[in-house]
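**Q** Required output: the full structure, derived from the provided sequences and hints.
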Amino acid sequence: MSGAGAPAIVVDHAGQSFGGRVIFEDVSFTVATGEVFVVLGGSGCGKSTLLNQMIGLLTPTKGRITVGGHDVVARVAAVRREIGVMFQSGALFGSMTLLENVMLPLVMFTDLPARARAEIARIKLAMVGLAEAVNLLPSEISGGMAKRAAIARALALDPPILFLDEPSAGLDPITGAGLDRLILDLRATLDCTFVVVTHELQSIFAIADRCVMLDRAARGMIALGEPRDLQQSSTHPTVRAFFNRDAQ
Amino acid sequence: MTAVRLEVSNEGGGTVISLAGPLTATALAPVWTRAVDAARRAGDGLAIDVAGAELVDTSGAALLLALERDHPGRIEWRGLGEKPTQLMARLRAAVPNGVTAKVPARTVTRTSVWQTFLIRVTFFGETILATLSLPGKLRFLRGGNFFRLVERAGTQAMPLVGMMGFLIGMILAFQSAIPMRQFGADIYVAALVSLSLFRELGPLLGAVILAGRTGSAFAAELGTMVVNEEVAALTTMGIDAETMLVIPRMAAAMVVMPALALGVDIAGVLGMGLVMMILGFPPSAILNQIQMATGPYDLLLGLFKAVVFGAAIGLIGCRAGLTAGGGPRAVGEAATSAVVGGIVVTILLDGLFAVIFYRLGL
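First to last, the protein sequences are chains S and Z. Counting from 171, one number per residue, gives the positions in the first sequence under our numbering. Counting from 179, one number per residue, gives the positions in the second sequence under our numbering.
If you're looking for bench data, these hints aren't it; they were derived computationally from the structure. Take the hints with a grain of salt, since some may be wrong.
[What the hints assert, rightly or not] Restraint-style ranges between C-beta atoms, simulated for each label pair:
no. : chain 1 : residue 1 : chain 2 : residue 2 : range
1   : S       : F279      : Z       : A267      : 24 to 32 Å
2   : Z       : S187      : S       : G340      : 48 to 56 Å
3   : S       : V246      : Z       : N323      : 38 to 46 Å
4   : Z       : A267      : S       : N305      : 25 to 33 Å
5   : S       : S403      : Z       : A271      : 35 to 43 Å
6   : S       : G395      : Z       : I253      : 45 to 53 Å
7   : S       : F279      : Z       : G529      : 51 to 59 Å
[Claimed, not checked] Reference listing, derived: stretches of chain S covered by chain Z, where coverage requires no fewer than 3 residues with Cβ under 8 Å from a Cβ of chain Z:
no. : segment
8   : 213-226
9   : 296-308
10  : 323-331
11  : 359-372
Idealized CB from N, CA, C, for every residue including glycine.
**A** This is the structure:
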């Protein structure tokens, strides 16, 4: 577990290329413990690639990333104990009920009795507002509910760092705002560090303490800071266009 | 990380449950049941002391709430820090009626046998209508797709068909040569095996291979398209799934099935011939027996049956895929349904053909 005050995540000159195609290079930032940090940018800029590097699904072709004090390449198993991940689609297991989905990490990684596992899983689902839906299959719930259930599954083992990939993508503004409130509520209750990949402007302003912006043309990061500061003072045309919704 | 420690003691007539160490999901297993039992058995004066708890996460809070819920009387909390107090308040607010491990029964709506029958009849009828209206919808058919289906269902299945046919021919020849030799009739093994292959085993084995390889693939492919809403997209574009997805697959199955049956026939005869030669019969005697026992109509009857089996297996595979429910399990169930349904219907049709051919004297 990352110690208090120490950065939860350090991305140090990370780069990724596939064959000769460079996705991004020289991306560096730190995420403080307890922070809600947003990775943003237009389509194809490498947001999800960077997320996959941070959660150990992709080995950076350049640079180094540490999560919870562990190198994501050398100590990926230790990193996985520190993190929970919500994928963009939710990635719930279709043959399991929501309760069974949330119980799965508890079954795999604890020796808790079945009753305790069910009790904990129901509490996690209640925390995300799904107390009444424990027995439904993923095919029987809405997109917003699926994302909430995926967050509950990511929280199953109370990891100190949570990665959320496009939590409000494809949702109506009210449901999306509800998810933003949930993220802030969970941060306040659980003291988690959140890394959120999104390009939803409202979400960014609602939840982000700081953000990093990637750009496809620049093949790297073009801004790092608090969203309001970037909106008001950035001189980079893409950053200004993004935050002020100008068409380029 | 240190282990969780649980102590249950008596203090002035009341019970004290002390929990120390990290109250987290990965550490709580050894103490959960004992702690809940102790809370249940405790009398009115229960105190829960968590001053020694290094960390209380939501799983730890879940245990504390379980103790609170299962103890019938009042609880005195000792050493509960600000953060755990806030966390428990948050969880109490999320589950105002208290969470228990008891999960409400899941109600599953099952399709009745009658509804299943109606779905199948409707699908069959829609496919017939789509076939009849095909001349006006030829643009929905894609020739390249049809030939790819033929290649996958036919050409790629040929090695398997050849191997199975060859082995079946050998096995039949060996098994029938033993009893027939007792009557000096082992030369007739060639006639017996070739007739069995042409009229029955060729189409039947070909159908089993088609159902297992291709019927299941059709069901999985179309089932995935249903789950991904691709079929819904076709429908909203005004393209009926029967014309674009079912008819090419059914036609491909009808085209390849006679070839598969013929493959089983030829490979089976070769396998039988090898055994007969091992048993000492010259190739000319074997060929003479085959010519005497079988005629072109035996082969043609078998191939005709193969076409019908191909249509049934293609149709059943597509039906299983297009009527799949949601999720990956539905795709698996569709594939199973396609294989089982294909084999069962093939055998039923084979029985029907046996009766018809008998009545017609064929």
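**Q** Verify the CB-CB distance for S187 (chain Z) and G340 (chain S) against the hinted window 48 to 56 Å.
**A** Check passed, 55 Å falls within 48 to 56 Å.
**Q** Between the segment 296-308 of chain S and chain Z, see if three or more residues pass the 8 Å beta-carbon test, and mark the coverage as holds or violated.
**A** holds (count 8)
**Q** Per the hint of 38 to 46 Å, is the separation of the Cβ atoms of V246 (chain S) and N323 (chain Z) within bounds?
**A** 42 Å, holds
**Q** Under a C-beta cut-off of less than 8 Å, do 3 or more residues of the segment 359-372 of chain S approach chain Z closely enough to confirm the stated coverage?
**A** Coverage by chain Z holds here, the residue count being 3 at a Cβ distance below 8 Å.
**Q** Starting from the range 51 to 59 Å, see whether the pair F279 (chain S) and G529 (chain Z) falls in it by beta-carbon distance.
**A** 54 Å, holds
**Q** Verify the CB-CB distance for G395 (chain S) and I253 (chain Z) against the hinted window 45 to 53 Å.
**A** With Cβ atoms ~48 Å apart, the hint holds.
**Q** Note whether the CB distance of F279 (chain S) and A267 (chain Z) lies within 24 to 32 Å or breaks it.
**A** Holds, since F279 (chain S) and A267 (chain Z) (Cβ atoms, about 28 Å apart) stay within the stated range.
**Q** Taking a Cβ-Cβ distance under 8 Å as contact, does the segment 213-226 of chain S have three or more residues in contact with chain Z?
**A** Answer violated; 0 residues pass the 8 Å Cβ test.
**Q** Please check whether the segment 323-331 of chain S has three or more residues whose CB lies within less than 8 Å of a CB on chain Z.
**A** That given contact holds, which follows from 4 residues of the segment 323-331 of chain S lying within Cβ reach (below 8 Å) of chain Z.
**Q** Is the hinted range of 35 to 43 Å satisfied by the C-beta distance from S403 (chain S) to A271 (chain Z)?
**A** 40 Å, holds
**Q** Between A267 (chain Z) and N305 (chain S), does the C-beta distance stay in 25 to 33 Å?
**A** The hinted range 25 to 33 Å holds for A267 (chain Z) and N305 (chain S), with Cβ atoms some 27 Å apart.
Checked against the numbered hints above, the structure violates only hint 8.
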